[in-house]
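The task is simple: from the sequences and hints, build the whole structure.
If you read the protein sequences in the order shown, they are chains D and R.
When we follow my numbering, the leftmost residue of the first sequence carries the number 1, and every step to the right adds one.
When we follow my numbering, the leftmost residue of the second sequence carries the number 1, and every step to the right adds one.
To be clear, the hints were calculated from the coordinates, so they are not data collected in a lab.
Among the clues, some could well be false.
Subject to a maximum C-alpha distance of 35 Å in a straight line, what follows is the list of computed DSBU-like cross-link-like pairs (lysine-lysine) [what the hints assert, rightly or not]:
no., chain 1, residue 1, chain 2, residue 2
1, R, K87, D, K141
2, R, K419, R, K44
3, R, K419, R, K327
4, D, K242, R, K54
5, R, K439, R, K419
6, D, K227, D, K242
7, R, K87, R, K169
8, R, K439, D, K242
9, R, K87, D, K47
10, D, K242, D, K141
11, R, K574, R, K44
12, R, K54, D, K47
13, D, K227, D, K63
14, R, K44, R, K54
15, D, K47, D, K63
All values reported here derive from a predicted model rather than from experimental measurement.
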Amino acid sequence: MNRFAYASPATVTEAAAATGLVAEAMVTFDESAVLKAGGIDLLDLLKLELLTPSVVVNLRAIKGLDAITQDAAGNVAIGAMATLSQVAEHPLVRGSYPALATAIAGAAGPQLRNVATLGGNLLQRPHCWYLRSPAHHCLRKGGGHCFAIHGENQYHAIFDNHACAIVHPSTAATALVALNAEVELHDAEGATRRLPLEDFFVGPDDDIQRENALRPREVLTAIHLRKPASGTRMAHLRQGEKAGFDWPLADVAVVLAIGPDGVCREASVVLGAAAPVPHRARAAEQALQGRHPGEAAAGDAARAALRGATPLSLNAYKLALFETLVRRAILAALA
Amino acid sequence: MTATRTEIFSAGIVEAGLGTVTREIPAGEPPPWPPNAELTWIGKDVPRLNGRDKVTGATRYTVDVRLPGMLHARFLRCPLPSAELRKLDTAAATALDGARAVIALARPGDRLRYAGQPVAAVAALSPGVAAEALAAIDAEFRPLPFVVDMDEARAPDAPLVYDEASAPKGNPSGFPAAPGLPVVGNVRGPAVVRRGDPAQGFAAADIVVEGEYRTQVQTHSCLEPHAIVADWRADGLTVYMSTQFTSGVRQELAALFGLPLNRVRVVVDGMGGGFGSKSQLGVYGRTAVELSRLAGLPVRLALDRHEEQIDAGNRPGTFQRMRLGAKRDGTLTALAIESHGTAGVALGAGIGFFAERIYTCPNFETLQHDVFVNAGPGCAMRGPGNTPGAYGLEQAIDTLSERLGLDPLALRDRIDPSKARREERRIGAERIGWSRRHKPGADPGAVKRGMGVAQSLWMSNVQTNVACEVRVLRDGSVEALSSVQDIGTGIGTVMAQVVAEVLGLRPGDITVRIGDTEFPPGGPSYGSRTTASITPPLRTAATRVLAELGREAARMLNAAPEELEAREGRIRVKSDPGRSLAFRDAAALLRTDRISAVESRADDYPGFRRRMPDAAMAHEDLGGVQFAEVAVDTETGAIRVERVVAVHDCGRPINRLLLESQVQGGVLMGVSYALLERRVMDRRTGLMVNADLEHYKLAGVHDTPEIEVVILENLQGNSATDAYGIAEPANIATAPAIANAVYNAIGVRLTSLPMTPDVVLAALGKTGRS
Chain D
1 MNRFAYASPA TVTEAAAATG LVAEAMVTFD ESAVLKAGGI DLLDLLKLEL
51 LTPSVVVNLR AIKGLDAITQ DAAGNVAIGA MATLSQVAEH PLVRGSYPAL
101 ATAIAGAAGP QLRNVATLGG NLLQRPHCWY LRSPAHHCLR KGGGHCFAIH
151 GENQYHAIFD NHACAIVHPS TAATALVALN AEVELHDAEG ATRRLPLEDF
201 FVGPDDDIQR ENALRPREVL TAIHLRKPAS GTRMAHLRQG EKAGFDWPLA
251 DVAVVLAIGP DGVCREASVV LGAAAPVPHR ARAAEQALQG RHPGEAAAGD
301 AARAALRGAT PLSLNAYKLA LFETLVRRAI LAALA
Chain R
1 MTATRTEIFS AGIVEAGLGT VTREIPAGEP PPWPPNAELT WIGKDVPRLN
51 GRDKVTGATR YTVDVRLPGM LHARFLRCPL PSAELRKLDT AAATALDGAR
101 AVIALARPGD RLRYAGQPVA AVAALSPGVA AEALAAIDAE FRPLPFVVDM
151 DEARAPDAPL VYDEASAPKG NPSGFPAAPG LPVVGNVRGP AVVRRGDPAQ
201 GFAAADIVVE GEYRTQVQTH SCLEPHAIVA DWRADGLTVY MSTQFTSGVR
251 QELAALFGLP LNRVRVVVDG MGGGFGSKSQ LGVYGRTAVE LSRLAGLPVR
301 LALDRHEEQI DAGNRPGTFQ RMRLGAKRDG TLTALAIESH GTAGVALGAG
351 IGFFAERIYT CPNFETLQHD VFVNAGPGCA MRGPGNTPGA YGLEQAIDTL
401 SERLGLDPLA LRDRIDPSKA RREERRIGAE RIGWSRRHKP GADPGAVKRG
451 MGVAQSLWMS NVQTNVACEV RVLRDGSVEA LSSVQDIGTG IGTVMAQVVA
501 EVLGLRPGDI TVRIGDTEFP PGGPSYGSRT TASITPPLRT AATRVLAELG
551 REAARMLNAA PEELEAREGR IRVKSDPGRS LAFRDAAALL RTDRISAVES
601 RADDYPGFRR RMPDAAMAHE DLGGVQFAEV AVDTETGAIR VERVVAVHDC
651 GRPINRLLLE SQVQGGVLMG VSYALLERRV MDRRTGLMVN ADLEHYKLAG
701 VHDTPEIEVV ILENLQGNSA TDAYGIAEPA NIATAPAIAN AVYNAIGVRL
751 TSLPMTPDVV LAALGKTGRS
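Written as structure tokens, this is what we have:
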């Protein structure tokens, strides 16, 4: 770990101004400052010297960034500094977005969830073991190739994996993309912008060295969730090798809007640990829309979800695993 | 000729009915103990005496030791799996402000054989300066061809890890390697054990079962890393070290640095696991001492987790071909095994003697090979050899029982000569509800349950070079002293129980001082031998010191010393318990401030099966039978171990609570081995990619099954305590029991470890590959 200065600004604008870097955990070697939210991923990256900042800017002194609030219309805003435990246990989240609560409650272990923040969770860097190994100078670190594609890729992507086979590590993101969440970003001039979380994540084809669209001198401050339409059903399922405290081999979030006639009006099916960004399975969504969902529709959707997958040498098992999880998540949402 | 006397001992498995055995024993040995039911502390649930210190964080581990002026050491390690060291210039590191000592561990021209091999080491004022000093070392490595995969290493054109002359001849840690075996390419062996005529045995068989099994490389993953603080001074060397063998390390240091034994002291207080990987001084220990000698200051060297994973030992991976021949009634006619295993650049990857000793079979052959690859050296790990060996054989036996149409327990009743295991099978079957076991794959639905059984075998090891001391002070306080170390099993508590039993005190009354070579040599804590080695001389010493105290008390009580007994904190006349003296009042009669007895361990009364210079093996092996119940999700491939019933024997159990803890630890380690752990080497770069505890997965609280432990009381009249060990048997049977349960659940046999979802789905034909 290198030596660095430590700043603890009192406002988001000051924080944004203090940093040339965009996120808690962006590996950009030229940049000199990084933001610290919970500091979980940051500490790992510092220890591995994948990050060598001159300044670490602490966001914890900024008041109000961890608030979870509901507006008059019933929409919910979650402050980026809310801890995973706070989010998973909050009645607004448990009541209206149970799939999000489930996704977050299964992440890491209780000690980490008590410190890690939702913002930091969305911005953490991938846990590809080649990316995290200083000895492997991979594409994402400016090197010549992806070591995973012809290497040890059992935990890697089955979609969009021709250039770099990372998977997005956040299970919260899987649920949030399925819920059509938006992120709020705040810059050094005090201006804010909002964009759908789905558009916030950046795949390797767009930029191999970044995983999101946060700009320099910008801070992620909140996640916005619309009030679910009546008749909305949802579920999140994960399967890891361990029964707890493990990255998922596969995770799936399903959000269904069921009309009074029992017909599925809208469907979101999102796969985590499947692609470099949370992977929206549009074919699966189409297989559900306009149908009375049940065993048959769930099975069709599950098969459709895997269409176009390009598994690598060691991860073809994920096809069967995802197919099961998509089908079970749809049925769990309906149950 | 030492004087002897004859005694009659209770003998047999208490649960199955006791008999007696008559033994000629050395005259100085204490009288036979009755079964545990008649004893006060022995065999009882005595909580760990230092438990409170452990959970409050008060226990001092080696990583907590801080000495005034202490320096911090770090290694420069080879970054490549195979390389020639072209240049090593340490001048800039030596000149760095704050660097106090730099040593080279390799010379230009040397061949380096694994990523992580130490090349140089520095000691500096802080860890940060040590890191800077490492960066200032000018080292150049010329990459050489390498191979990290065992199958690839066996190919005729594989890059050679060694040439024939440089290949290791022996194994510095763990089992001794058979000498003089041929080395062809990267393969050394076979080491052959043969009896009878296997070919004839197979010809005589009604049924022949064949199988191939594969086990992964497992790392020890001790929660406390390998750590040492070395303090070299003009008047001698003191070393604080996380070690399984204080007095062994002392001997190594004395020999290596040319010091007399009385100028070397090795100390360990709390210890966070060893599992075989902390049995020797090691390169890291030697390096820290050398740095301290050069710097003239104490030096701390603690490995980080990455170093732990790549260069702190591992359980070798294996590939086993098994062939079993049997008559229709189950009688074995032949057993043949060919194995290849890899301990990286080291030897010791055999699958042990499990198959050789566990079942009755007249015609037997094993051919065991070591395969060298460019990976960190393996070393002994909890049940070395036998743990992978049991994984293969116990599945082959399960397959045979199915082919014969016999219950797996009935088959074992026929071929297993061990009385202890017979009883363990009976008890375990009852506890798990074996009669509920269905045919393989019989559960409807996606989640299928199953039940399996497997057995354990380990030697009853004893260290003969062992002594301990018991002291009674004039205020009635008592000390038990030995260099033996508590590696987490609670041996200190066991020692307090033994002394308390003899002196009629409570375990909490005994101050146990261990983990320091200033005390009598306590032997190593490996090979499941600690309790077997230390408790008999401890009882003898306590008996002797009590006799001395009794002489004073006898005068006061107007009785003959042999009329006295020590019970409930008093010395009293057996026939007239009203005539008594408090223990402390008896101690106050002593003519000197303290009395003391030092005793060494007598041989087992009926002798030993085998003797080594400082160690021996008792006649009867340790058994153990484990039953597992699993649920397999055939659509996700996830296996959940729901329940394990572990029935074990270890001679006379001294502390059931601690034994149960140790068995639970063994089972949990076995669950982890069966389902999760695996060293992943990248074949293209030759580097371990999961050298952490994030992607190297250890079973955690959510993966822990319900574990039910039963410990038999198996009396043999072998020693003053009749106690043996449990650490290794507790681990050996778990993985095959789970594997057999998985087969029973899904009707498809998994033949490689770990049994992760990808492996299960592939076996079920659900991945498009099989």
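Problem - Hint check against the structure, violated hint numbers in rising order - result: none
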